[in-house]
Structure formats: C-alpha cells, structure tokens
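Trainee: Which chain is which? The protein sequence lines are A and B, in order.
The numbering used here puts the first residue of the first sequence at 1, with every later residue one more than the last.
The numbering used here puts the first residue of the second sequence at 1001, with every later residue one more than the last.
The reader is advised that the hints may include incorrect statements.
Stretch by stretch, here's where chain B covers chain A in the computed footprint (C-beta under 8 Å, at least three residues) [stated by the list, open to error]:
#	segment
1	34–42
2	53–60
3	457–465
Because the hints were derived from the structure by calculation, they are not lab data.
Keep in mind the model is a prediction, meaning the values are calculated, not measured.
Glycine included, every Cβ here is placed at the ideal spot set by N, Cα and C.
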Amino acid sequence: MSTRTDDRPDVAQPRLGGVGWLRWTWRQLTSMRTALFLLLLLAIGAIPGSTFPQRSIDPARTAQWIADHPTAGPLLDRLGFFEVYASPWFAAIYLLLFVSLIGCVLPRTRILWHQLRSSPPRAPRRLDRLAAHRAAEVQGDPEEVREVLRGALRGRRYRVHAHDGETLSAEKGYLRETGNLVFHVALIGVLVGVGWGHLLGWKGDVIVPVGKTFANTLSRYDTFSPGPWVDVTALSPFTLRLDDLDVEFETETTGRGQFGAPRDFEASTTFTDAEGSTEERSIRVNGPLETGAGTVFLLGNGYAPRITVRDAEGTVLYSDATPFLAQDNNYTSVGAVKVPGASPQQLGFAGFFLPTGVIDGERGPHSVFPDALDPQLALTGFEGELFPSGRPQSVYSLDTEAMIAIPGADGADQLRILLRPGESFELPGARGSITFDGVERFAGLSIRTDPGKGLTLVAALLSLAGLVASLVIRRRRVFVRVGPGEQPGRTVVSVGGLAKDDDDGMADEVAALLTGLEGTG
Amino acid sequence: MTDTTLAQLSNTSIYSATVVLTLAMVAYAVYLARLVPSRERAADPAAQDRELVAAGSGDGPTGAPVGGGAGDLVDRGGRGGRGGPGGRPGAEPEPVAARKAGGVAWALTLLGTVLVVAGVVLRAAEVQRWPLGNMYEFAVVGAMFVLLSYCAWATQRDLRWLGLFVVTPVLLTLGLAITVWYTDASDLMPSLRSLWLVIHVTVATISVAVFTIGFSLGILYLVQDRLESATQRRPSFMDRLPDARSLERLTYAAHIVAFPLWTFTVIAGAIWARQAWGSYWNWDPKEVWSFVIWVVYAAYLHARVTTGWKRQNAVWIALVGFGCILVNFAVVNVFFVGQHSYSGL
Chain A
1 MSTRTDDRPD
11 VAQPRLGGVG
21 WLRWTWRQLT
31 SMRTALFLLL
41 LLAIGAIPGS
51 TFPQRSIDPA
61 RTAQWIADHP
71 TAGPLLDRLG
81 FFEVYASPWF
91 AAIYLLLFVS
101 LIGCVLPRTR
111 ILWHQLRSSP
121 PRAPRRLDRL
131 AAHRAAEVQG
141 DPEEVREVLR
151 GALRGRRYRV
161 HAHDGETLSA
171 EKGYLRETGN
181 LVFHVALIGV
191 LVGVGWGHLL
201 GWKGDVIVPV
211 GKTFANTLSR
221 YDTFSPGPWV
231 DVTALSPFTL
241 RLDDLDVEFE
251 TETTGRGQFG
261 APRDFEASTT
271 FTDAEGSTEE
281 RSIRVNGPLE
291 TGAGTVFLLG
301 NGYAPRITVR
311 DAEGTVLYSD
321 ATPFLAQDNN
331 YTSVGAVKVP
341 GASPQQLGFA
351 GFFLPTGVID
361 GERGPHSVFP
371 DALDPQLALT
381 GFEGELFPSG
391 RPQSVYSLDT
401 EAMIAIPGAD
411 GADQLRILLR
421 PGESFELPGA
431 RGSITFDGVE
441 RFAGLSIRTD
451 PGKGLTLVAA
461 LLSLAGLVAS
471 LVIRRRRVFV
481 RVGPGEQPGR
491 TVVSVGGLAK
501 DDDDGMADEV
511 AALLTGLEGT
521 G
Chain B
1001 MTDTTLAQLS
1011 NTSIYSATVV
1021 LTLAMVAYAV
1031 YLARLVPSRE
1041 RAADPAAQDR
1051 ELVAAGSGDG
1061 PTGAPVGGGA
1071 GDLVDRGGRG
1081 GRGGPGGRPG
1091 AEPEPVAARK
1101 AGGVAWALTL
1111 LGTVLVVAGV
1121 VLRAAEVQRW
1131 PLGNMYEFAV
1141 VGAMFVLLSY
1151 CAWATQRDLR
1161 WLGLFVVTPV
1171 LLTLGLAITV
1181 WYTDASDLMP
1191 SLRSLWLVIH
1201 VTVATISVAV
1211 FTIGFSLGIL
1221 YLVQDRLESA
1231 TQRRPSFMDR
1241 LPDARSLERL
1251 TYAAHIVAFP
1261 LWTFTVIAGA
1271 IWARQAWGSY
1281 WNWDPKEVWS
1291 FVIWVVYAAY
1301 LHARVTTGWK
1311 RQNAVWIALV
1321 GFGCILVNFA
1331 VVNVFFVGQH
1341 SYSGL
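So that you can see chain A by itself, here it is in the shape it has in the complex (with noise of 0.2 Å):
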C-alpha cells in the first residue's frame, strides 16, 4: 500500500522553519474548525462537574463518593473530575478557546476597519452574474435614473459611491460584522471579569444566633475562602448584631411536600460600619445587605439551643447558645457540647436537636415538623480527652477516639438524656447536670466580595448586544448599471445584490429597488 507513494519521483517538500511551523499551527489554532472543535470539547468536558459531586461545592459528598468508589474515586481524583472547573484540562480547553478567538478577532477587526474606511467597491462588469439580479428599462435619463437609485438606497441606509459615471456602489449592515466581533471581546471581557474577581474576591460563612454579634475580622468566620490577591489583614471592620430571625414554614396541607416547606425567612439586624455610625437593616433571601466591604447574605438557618453544664457544686462550666446544623426538612439538627473545662475528666454531649420531636424505634429520634413547636434535645455522653491530637475537628460533632460513653444509671451501656426547654439532667456519678435553658434560631451568613462582577455583567450584556445585532443585521451589497435605452429619453438599469450571509430576501431587495424606480419613473 506504500509502495506507491515510494515509486513516486521526489516532490520538492516546502520546508517550514522555525517560524513556518508557528504560523502553520497558529493558523491551526485559529481556524474556524477548531474552535468548532474546541467549543464542543468544551460541553463536553464542563458535563462531568454535574455528574460527579464537586469538592468546591460539596466536599462531604465529594469524599463520600471517593471512599464509595475505592478503585474509581482515587484515579478520577487525580483526573480532576472532582474540581472540573479548576482542572488544568478545562482550563487549556476553555483558554486554547480563547487564544484561538482573539487569533480570529484581530484580523476580522483589521478587515472591518479598513471596509469602514474604503468606499464600497467597484460595480463588476456583468450584473447578471450575481445571485440576486434585475434589469429594466425606464422612463428618463441614465443620469436621473441613477440619482433616483441612489436616493433610494440612501433611504435604505445603504453607504453609496460612484466610481464612474454609470455605475453605483452600495454597501450596508457593517454593524453586522461589528456585532459580531463585539459578541467576541466582551466574552473576553467576561472571562477577565471571572478571572478578576476569583483573585480579589473572598467569601466567609459565618453562623450567628440571635441576640449575638458579629465582627467583620478573619478570626471570627467558621469558613473563609480569600482570593490570591486578597489581604486577609485588610478586612473593613464593621459589626452586625443579629437582632432576630423571623421564619415562617408552610402550615397548610397543600401538595405533594409542601407541608413544612420555608415560606419567608428575614433576619433583623443592628449593622455598624467601620465609622461606628449604627443602622438598622433587614436582611432577606434575595435581599441581601449591601455593606460597602462586602454584601452579606441570608443563606441558611437553624437552632441553637442555650445548654448548660454545671459541675457536682453547680458551678457553670458551659452555657451557650449551640447551634445544631439541620440535616433534612425538617430540621432534624444534629451538634455537640464540648466542655473542656470539666475534671477529672472533659465531658462531651453529641445527639440530636429536634424543632417538634418524636422518637420512635425505627427511625430514632427525628423533627416532623420545621418550626419550633415541641423542641427537644436527645443527647449522650462522653467523658475523656476532648482534642487528642490537638487536630483541628468540627464544632458539630465529637471526636471521641479517646473518650468513652458515660453508661446510664440504669446499667444501659450508654447514657440517653432527653431534654425539653427547661428541663436539667443530672448525670450518673457525680459528674454534674446539664440543662436546656431555651431555644434560639442561628442565621447562616455568607459575606462576600467580587471586584469582577460589575465588569463581567458589563461584558456579558454588550457580549449579548452584539449577538443580537451580529444575527439580526444584514450585510448587503447593491451595485447599479445605468445605460441608455433603444429610444431617447429611456433608460436600461441593471441592479445586482450581493449578500455577504445566507439571505433569502436579497431579491426582494433588487426588485424592490426597481418597483421603487417604476413608481416614481
């Protein structure tokens, strides 16, 4: 099968140097069939960041799945599947995308300028070659009947030229090209925005009970995630006190999982900026509170019952308001006490809050219900070492690899408290009482920043401006003959249309012109 090619004399190869080779895959990468190709890479690599669970968005599940799948989950780990929009293959997609954009932006942008500056070009000689063509013969001079004309395409806002004295030249829907290139650099501008406001934007969680308050530093955030570019030391110290948190659940029993369902939820709060001038502001689901340092947002809630522990003596050791994160609907919230500070050995509570609770044997305790209508708290006890390690671990749960359950006074292997408001448990041995003072509710606060979203909407609506005048606006080029006609007095006209795009009304356009003529001829 090669024998063929071998029998063949030698052909004189060009060959590419250096630079040939360059611009041989520069030509590549910005040719209109890759970025074809590059855009439906694109789609098809951004799929699996919703197939698989993502480590920026859920990192429990992630680590789930990883633990789930001991063969897969590693490999596809270290694949990137579960960071999809941070992995260096999306990102030599996307960037390749747009290297080979600006590549097909630039020369288009240099044609575009200098067709705006040049006047439309020469009519061909035979009219009647163009797809869209149509001639006539009319009453008048070829010089009248070429002013008529070009009267008429100026009414159509065609640009006119006449090169010589018979012919016209005329040219219109350059904003189509414009658009078009438009559209291109404000996608550009939407990814510097992206880009921007990933290196000086920063967000931190922070959960806040009602009646506490919360200072604008970094210590004080359960969770912050800063830009590269961003001065954690910098941050505007303002103050919110959380004043109440109003919510309201779905009491009626209207369709399928609605009852219970979050109807409003809005938090009042005392806001003081970093001048100390104090203000009261409401902060709601979709209105979150513009600060001027970062906009805080209403993202979650739940409830923190006030515990407390007392020693054998009575003296407090812990009495706080414990927020218990909601694991469903219903708010069946799970938490921990941690007292360190309680001898001879730490104490540790870990269990359950529930808003309107009910235990039963099958499904333990759980809440049928969101709002706090029968608060309880169903705990059990460890006693031992609280931090081992001295590892960083969860404010929610306890790690008890070096504590031991606290077995209950009724020879049960483990002691089971259960807890209404204002109720107290005395603990087996002598080891003190915990009470359940009350109930608060906690707001989920998120506060952040991103320098790079006014630019990116910017980009993204001009990106749409374009669009739409890059689809709707059409590029035609109209080109006039006048000659004389057979009798004195008559003129023989011929129109051509040209259209740059696929465009079925160009021929209603040229006949148009010459109806136009006939009437005013």
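Let chain A serve as the given structure and place chain B on it in line with the hints.
Mentor: Using the frame of chain A, we list chain B on its own:
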C-alpha cells in the same frame, strides 16, 4: 375554597386542551396525507418536468420585466396561495380535502392554545404568583409558548405543514406534565420569591419553546435532505413541504431567535443567583447544563458558517443541543443534587 375551584378549572382547561390538540394533531396528519401527490401524477414525467421548470424560474438569471415579475419573488407561499403549502411555486393546487383538514386543524390549534393559556392564567390566579414555580408549571407554560410562537408565526406565512410537528411535542409535554410532573398549586420557597423568577424563567421557557420549533424544523430538514438526494423515491407528503434548503433556513431562523433569548436567560439567571445565593455562578448542575446548551448551540451557529462543514452536520449539532435541553429539564431537576430543586418536583 375559591382557590380549589380555580385549581379544578385550570386542570379542566389543560385536560380539554390535550383533547382538542389531539384532534388537531389528527387533523394535521389528515391534511398532510391528503397533500400526497397521487400515484398517477407522480408517474407522469411531464408533470414533474413542469414542476421543475416552474420552480427553477424564480431565481433564474434572466430578469423578468419589472412590472409583472416582482410578484413571484415577493410572494413566498402566502396563505392558501396557488402553490403548495411549502410555497413551491408551480406545484399543483391544494386539494379541497386537504384544505378542509388544514382549516379544521388550524381552528383546533387556536382553540387548544386558548385553552392552555386559560389553564395557565387560572393557575396563576389560584396561586397568586407567576405560574413558573415547579416542573408541572414549566412544562405547561413551555407548551403554551410553543403554541403561541407557532400561531404567531403562522399568521405571517402558511405553516400548516408544520402543525403536526409542533402539536405532537406539545402534546407529549402536556401529557408528561399531567401524569408525571403534576404538582398541586402551592406557594414558593423564599429563594424563588423574586422578580427575577418572572424574568429569568419566563425568557427561559420562551427560548426553549422556540428551540423546540427549531428542533422539529431541523429533523424535517434532515429527512427532506435525505429524500432529495435519494435516487428512487415514492411520493410522500414531504414532497409538499418546503425544499431542504428552505427548511434549513427556517431551522436557522428559529435558532437565531432562540439563542439570544437563551443567552439572556443565562445572564439573568446569573444576576438572580448572585441575589439569592451570593455568587453569580456556582457550577450548580443546572448552570452547568445551561452552559453546555449555550456552547452547543454556539457550536451550531459556528458550524453553519465553517467552510468544509456540511449543513446537515451543523443541524445535527443543533439537535444535540435540544437533547441537552431535555436533559437539563427532565434529568437534572430530578436526579442531580443542586440548588435548582423546586417545590414538590
């Protein structure tokens, strides 16, 4: 209690619409069937020649005299015109039986549209909010916009040939909405209570509706193209549809309406996401798929102007885009974990 009455009225209206539209679908099918050229005619080569000549004269290079000629260029198959419904000049006049069926189909489509609109309005009145809060409502409102787009377009040009291919997806959607996605009317969760619901979701549904029509046109184009390149062909109703080139243009026309609307949907969604969730883009599965849809349709528009790419392949990309829309609606909402989970379903 009034609310419940309104709910029942809304449901009755939608149920009636499905019945009426089923009849419309049958009438459109009858219409197309009656358009099929008779065997004798198809076997008569002279008649076919006449047709070809007549079809060719429209854009011939020799310009006709100004006065008389403009007509056949400007008239592209006006309603009930002399040509076939697809505006093929010179085709035999429409058989009376076909015209009757077409008229009935059109009347039933209008009635069905009115009923769907009534169903949506009653639902809105019942829940006292914009009726786009769950999958049932998206599906019904989406079906409504498909019908409205079709009816609006059909007043501009004869589109009876397209009716079957519009009413069928609408019926499928309504059927699924009633049986699978039905949700009792209810209030919205807090994150959905926003003016952006009206803007973002309404434009999204309109866009999807137009994409749906574009999808039907795309399939018709591919079929027509296959038929036109076939060496041997039997007479079929496709002969009376516009030719492949026109169908391809109509496909493109639908997509260049829908694509900017989808772009707007994504932008509006991002603005709303920033209001409600704190960040304008979170790579939530719904966002991922909206992005994928946007990129695929962008690829379609590019493929169409890429030299060396066949129009057929470009249209295939558009069909893939519609597949992504279906995934985004039917799969992502139900099976993927994300923030776009709606009340009930």
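Trainee: Tell me, which hint numbers fail for this structure?
Mentor: Violated: none.
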